[in-house]
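Build the full structure now, drawing on both the sequences and the hints.
Numbering (my numbering), first residue to last: 10 to 196.
These aren't lab readings, by the way, just hints derived from the structure by calculation. Warning: the hint list may mix true and false statements.
Derived pair list, reagent style DMTMM-like, types lysine to aspartate or glutamate, alpha-carbon separation capped at 20 Å [claimed, not checked]:
#: 1; residue 1: K74; residue 2: E117
#: 2; residue 1: K175; residue 2: E117
#: 3; residue 1: K43; residue 2: E33
#: 4; residue 1: K51; residue 2: D141
#: 5; residue 1: K161; residue 2: E87
#: 6; residue 1: K161; residue 2: D126
#: 7; residue 1: K74; residue 2: E87
Quick list of simulated restraints, FRET-style, between CB atoms [claimed, not checked]:
#: 8; residue 1: D160; residue 2: K80; range: 33 to 43 Å
#: 9; residue 1: K80; residue 2: G55; range: 35 to 45 Å
#: 10; residue 1: L20; residue 2: E87; range: 16 to 26 Å
Where is the CB? At the ideal position from N, CA and C, for every residue including glycine.
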Amino acid sequence: AYDVPFFLEVLAYDDKIGEEKSFEFARVKPTRVKEYMQEFSKPGYGVDVLKVEIPVNMAYVAGTKANKEGKIAYSREEAKQFFRDAAAASQVPLIYLSAGVSNEVFLESLELATEADTPFAGVLCGRATWQDGIPVYAKGGSSALRSWLEDKGVQNIQALNKVLKKGAKPWWDFYGGKDAIEVIQRA
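Written as structure tokens, this is what we have:
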């Protein structure tokens, strides 16, 4: 079906390391993300847009708010280069997923992607924006969740939109602009 885009979400892992939030995995994550972006953006997979992880673990980037323990896997400049390298490996547009980090960490990640001038086309859903509403629902039910969504949920989306406005680029820019896109008629 030509009229349905194929968004593929791939997650990096390493059987020898295991825990994906560990310092050890943080050191190999940029390579793993770059490798899967290179592989799954090949034409044979028919992917239209890759939904990918942030290529670094922000908890181990020097000078970030997310780096609370002071353990450093990469400098800020190295992290920005990892963003650029992973994006350059892709043959299709990419969007980021939040991978369950807090909203603050997700926004900081996207700000770093923007600072690195990474050509990303936005995000899809972003669990970071709504996950804090789950305990609100568990304690107070649907009306409490509705109130949370109307207040904090809206604030989270507005903050996300502000960051995306600065850094995200239209997916068609990947192909040289809207006019460069070949529209295929359905059979």
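*Of the hints given before, which are not true for this structure?*
4, 5 and 6
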